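Undergrad: Quick note, the sequences are listed as chains A and B, same order.
Residues 1 to 252 in this note's numbering are what the first sequence spells out, letter by letter.
Residues 1 to 241 in this note's numbering are what the second sequence spells out, letter by letter.
By construction, these hints were calculated from the structure, which means they are not laboratory data.
It is possible that part of the hints are untrue.
[Unchecked claim] Some, not all, of what chain A presents toward chain B, calculated at C-beta under 8 Å:
1) Arg93
2) Leu99
3) Leu171
4) Ser190
5) Asp192
Values in this document were obtained by computation on a predicted structure and should not be read as measured data.
Backbone N, C-alpha and C define an ideal beta-carbon position, used for all residues, glycine too.
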Amino acid sequence: MNKHCVITGAADGIGRALALRFGAAGYGITGVDVDEARAAQTQAELQRAGAEARFIIADLGQQAGVEHAAGELAQLPLIDVLVHNAGISAVGRFGALDLARQQAVLHLNLGAPLLLSAALLRQERMGRGGSLVFLASLSCFTGYPGAASYAASKDGLAAYARSLAAARRDLHVLTVYPGPTRTAHARRYSPDNRRESRRMPPEQLANAIAHAVQRRQRLLIPGAGNQLFALLGHLAPRLTEWAMRKTVLEKV
Amino acid sequence: MNAPTILISGASDGIGLALARHYAATGARLLLLGRRPASGLGESFFTATSYCRVDLAQPYAHAIVKRFLLHQGIERLDLLIHNAGLGYYGPLEQQPAATINDMLAVNVHAPIALTHALLPLVERTHGSVVFISSIAANLPVPQYAVYGASKAALDGFARSLRVELAGRARVQVIHPGATRTAMHARSGAPLEKLGWSRFPPPERVARAIARAIASGRDETTIGLGNRMLRWAGRQLEWLGY
Ligand SMILES: NC(=O)c1ccc[n+]([C@@H]2O[C@H](COP(=O)([O-])OP(=O)(O)OC[C@H]3O[C@@H](n4cnc5c(N)ncnc54)[C@H](OP(=O)(O)O)[C@@H]3O)[C@@H](O)[C@H]2O)c1
């Protein structure tokens with residue numbers, strides 16, 4: 001039987017690249033996404049590439065959506081790889097940025113993976129030694145002035161992954177800290193897209209994640225430049241905060 | 001000089017109550033948030049003009065607090081202390097969705113929403129927004145996974161907000177370690193196993209917090225042992241543990 005890989009936010013961007021990558025590696029793919037039209041496209045694309053693929057349509061930013069997804073997943077084979085990838089952002093000065101939008105960021109990026117993980121673990125839906133993958137952000141190391149609620153959601157997510165890894169030594173937990181990635185998401189939320197070509201292509205990121213899952217790595221900072229920036233953030237946080245202030249905050 | 005105006009959330013018990021006592025003794029104008037009825041609060045500084053009863057797990061709590069301040073004619077805040085919080089002890093797969101939601105609502109959403117609503121009042125005094133986090137934010141805490149995540153989220157929020165507000169208001173984060181309050185019993189933690197009776201009392205922790213706030217430092221971990229623990233936790237994090 002095929003191994004089963006579940007990816008949230010799989011219809012587009014990094015999630016889609018992950019679906020194609022794991023699909024090519026022989027996994028059966030279950031995507032979870034709110035965008036029905038894009039999900040259908042990606043599903044067809046996966047099937048054309050020879051992968052077994054299905055989508056659950058659910059808005060994970062809502063409690064009911066998480067419950068729906070967990071309920072559907074309970075009917076499917078045990079999960080070998082679960083990737084918490086769905087995420088949105090909101091960029092702007094905290095005080096000027098609509099509170100409801102910032103709360104939506106926290107619900108989807110932080111609330112949903114916590115609720116979904118708890119629900120799936122409670123129902124024992126993870127296969128033996130399965131992998132849980134959490135997409136945090138390089139901002140965990142560098143700070144993210146201009147996206148304070150987004151930074152909050154990703155710091156919280158990484159901390160959760162860390163405790164989960166300590167709690168469930170029978171499972172594999174990988175935390176990924178991607179830097180700028182060349183997706184529609186980045187284009188939408190970045191104040192400046194002139195240097196888009198410097199962002200990592202999602203296929204490259206997906207490839208790095210697939211390798212890290214295979215090697216059962218605990219931490220992945222994809223890309224040498226990102227690794228350097230993360231190290232700088234760890235050793236000299238003021239410096240990276242200043243850099244983020246220049247590149248993000250002062251342009252929003 | 002006028003007495004400072006200080007808002008404390010979670011002032012009805014534990015560390016928040018000890019902080020309220022501390023600042024009451026200095027003659028500050030206090031605004032105190034809690035969920036329990038005022039009738040259950042003994043101290044004389046809990047009055048109709050100081051105590052705002054509000055459930056911070058509700059989505060519109062920040063609007064209720066803002067209206068309360070408006071009614072009291074409060075237009076400036078020197079200190080906005082986000083202290084209300086709750087814990088949960090146990091395997092993460094056993095934590096019910098409702099308590100995950102409550103914890104995120106009170107520990108993360110409420111301080112962010114309150115800051116959003118009240119920031120102009122703090123900026124008017126070039127005051128300080130203070131977050132009571134926990135050393136659990138920087139440690140793997142298998143029995144407190146969601147709690148640790150909620151505090152780490154708060155830290156991440158504060159870190160980025162601090163850069164945004166530079167020159168207009170301070171953002172301070174305090175990391176207390178285990179403190180002898182009723183939070184642990186409410187979290188369902190095994191008190192004896194944890195050595196609860198040996199934890200420092202909230203009065204002592206509150207004094208240390210007040211000193212840390214007065215120092216103006218961005219981040220303070222309370223107590224030497226906790227400082228070492230948190231430092232170790234941060235190095236381990238970098239290694240993926
Ligand atoms: N105790 C520790 O070991 C420790 C260690 C590190 C950090 N901290 C942090 O320090 C802060 C205070 O903790 P504590 O030990 O003093 O806790 P505590 O004794 O349990 O007091 C918690 C306070 O928060 C309020 N609160 C809780 N849920 C609320 C809600 N839904 N709406 C409004 N208010 C609510 C409570 O109000 P009511 O009682 O009126 O409901 C109470 O005043 C928390 O943020 C905690 O995470 C504690």
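Undergrad: Of the numbered hints stated earlier in the document, which are not met by this structure?
TA: 3, 4 and 5
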